[in-house]
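Visitor: Sequence:
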Amino acid sequence: MPNLRSILMTGLVLVSWLNVVNAQQIPAEQLRVQPAPLLLADPVTPGDRLGHLRDAEAHLRAAGEDKLADEISKQIASEQKQVESLLSEKRKQLEALSQQIAELERLSEAGNVVEFECLILQTGHGNIQSLEGNEGPSAFVLAAASRDIVEAAKKRPDVTVLSRPLVRTLVGQVAEVHMGQQVPIVRPTSASDLEIDMREVGLSLKITPRRDGRASGVLNVDVRLSHSDADFEAGVKVGDINVPAVHESQASFGTRMGSGDTMCVVLPNGEQDVVAFIRQVAVTDSRKR
Numbered sequence: 001m002p003n004l005r006s007i008l009m010t011g012l013v014l015v016s017w018l019n020v021v022n023a024q025q026i027p028a029e030q031l032r033v034q035p036a037p038l039l040l041a042d043p044v045t046p047g048d049r050l051g052h053l054r055d056a057e058a059h060l061r062a063a064g065e066d067k068l069a070d071e072i073s074k075q076i077a078s079e080q081k082q083v084e085s086l087l088s089e090k091r092k093q094l095e096a097l098s099q100q101i102a103e104l105e106r107l108s109e110a111g112n113v114v115e116f117e118c119l120i121l122q123t124g125h126g127n128i129q130s131l132e133g134n135e136g137p138s139a140f141v142l143a144a145a146s147r148d149i150v151e152a153a154k155k156r157p158d159v160t161v162l163s164r165p166l167v168r169t170l171v172g173q174v175a176e177v178h179m180g181q182q183v184p185i186v187r188p189t190s191a192s193d194l195e196i197d198m199r200e201v202g203l204s205l206k207i208t209p210r211r212d213g214r215a216s217g218v219l220n221v222d223v224r225l226s227h228s229d230a231d232f233e234a235g236v237k238v239g240d241i242n243v244p245a246v247h248e249s250q251a252s253f254g255t256r257m258g259s260g261d262t263m264c265v266v267l268p269n270g271e272q273d274v275v276a277f278i279r280q281v282a283v284t285d286s287r288k289r
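If you read the sequence shown in our numbering, its first letter stands for residue 1, the second for the next number, and so on.
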């Protein structure tokens, strides 16, 4: 005569088993009445089926039906493999989609040409930095309406204009302006032998515009300004060659700029400062020309 505990346990096993059977036998048309979720098409997901199977296995083992529980365990292992296979497939699809998006973004920028008007000058130390109250390398952006500051800086009596390049480059590409000369640098190759290399000194300006996804018409602009001097008085004489000492200073900055904005970069260089005004003129699509 079965006791009450056995009857209840058997009932729970039957309910769990029916859930599994119903989940597997519902016609596909009924399962797809609702809109499909993002990754899994069936309302009864593989995760739901695994949950039902694990419940059934637990109830069967509690009831002493180990043989049936072993069969359920095999089915769980099979379902688990299917879930892992599905997840692996979806991950590959997401990776492929990410690569396609990155390629489309690259192609959308490939024809965008950015134009910068640059003014590089040398002035007394602190003349421009006093605008920001900073004694070290500094950078700040002037709005399009602040061009008077640039014009006033050019007219100062202690200002020497070093270069006024017009720079064009593609979005995502580096543009470089270099102005200077080559000087000899001695490099020892052994205890008794020396080798002479030629090194460029002078002014170097690198500009790299990148797309800003937060605002239309705005670019992230990275700027690197460097200046080096060949000091022959502080150098040495090697044989018949005067080898100068090289003094170099450099700074890198990044900012967001819109059309008409001007970035001012100040690079201290002893008693003089090298100042670069970089004005973003326009962004055009070269493919429409």
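Wrong hints could be hidden among the right ones.
[To be verified] The calculated lysine-lysine pairs, modelled on BS3-like cross-linking and capped at a C-alpha distance of 27 Å, are:
# : residue 1 : residue 2
1 : K81       : K154
2 : K67       : K90
3 : K155      : K206
4 : K92       : K81
5 : K92       : K67
[Stated by the list, open to error] Cβ-Cβ distance ranges computed for the label pairs, FRET-style:
# : residue 1 : residue 2 : range
6 : G254      : E151      : 50 to 58 Å
7 : S249      : K90       : 21 to 29 Å
8 : H178      : V238      : 21 to 29 Å
9 : H178      : K237      : 57 to 65 Å
Think of the hints as simulated: they come from the structure by calculation, not from any bench. Note that the Cβ used here is the ideal one computed from N, Cα and C, for glycine as well.
Visitor: Each of the hints needs a verdict: does it hold here or not?
Guide: Now for the hints, and whether the structure bears them out:
no.: 1; hint: K81 x K154; in the structure: violated (73 Å)
no.: 2; hint: K67 x K90; in the structure: violated (35 Å)
no.: 3; hint: K155 x K206; in the structure: holds (26 Å)
no.: 4; hint: K92 x K81; in the structure: holds (17 Å)
no.: 5; hint: K92 x K67; in the structure: violated (38 Å)
no.: 6; hint: G254 x E151: 50 to 58 Å; in the structure: violated (26 Å)
no.: 7; hint: S249 x K90: 21 to 29 Å; in the structure: violated (53 Å)
no.: 8; hint: H178 x V238: 21 to 29 Å; in the structure: holds (26 Å)
no.: 9; hint: H178 x K237: 57 to 65 Å; in the structure: violated (28 Å)
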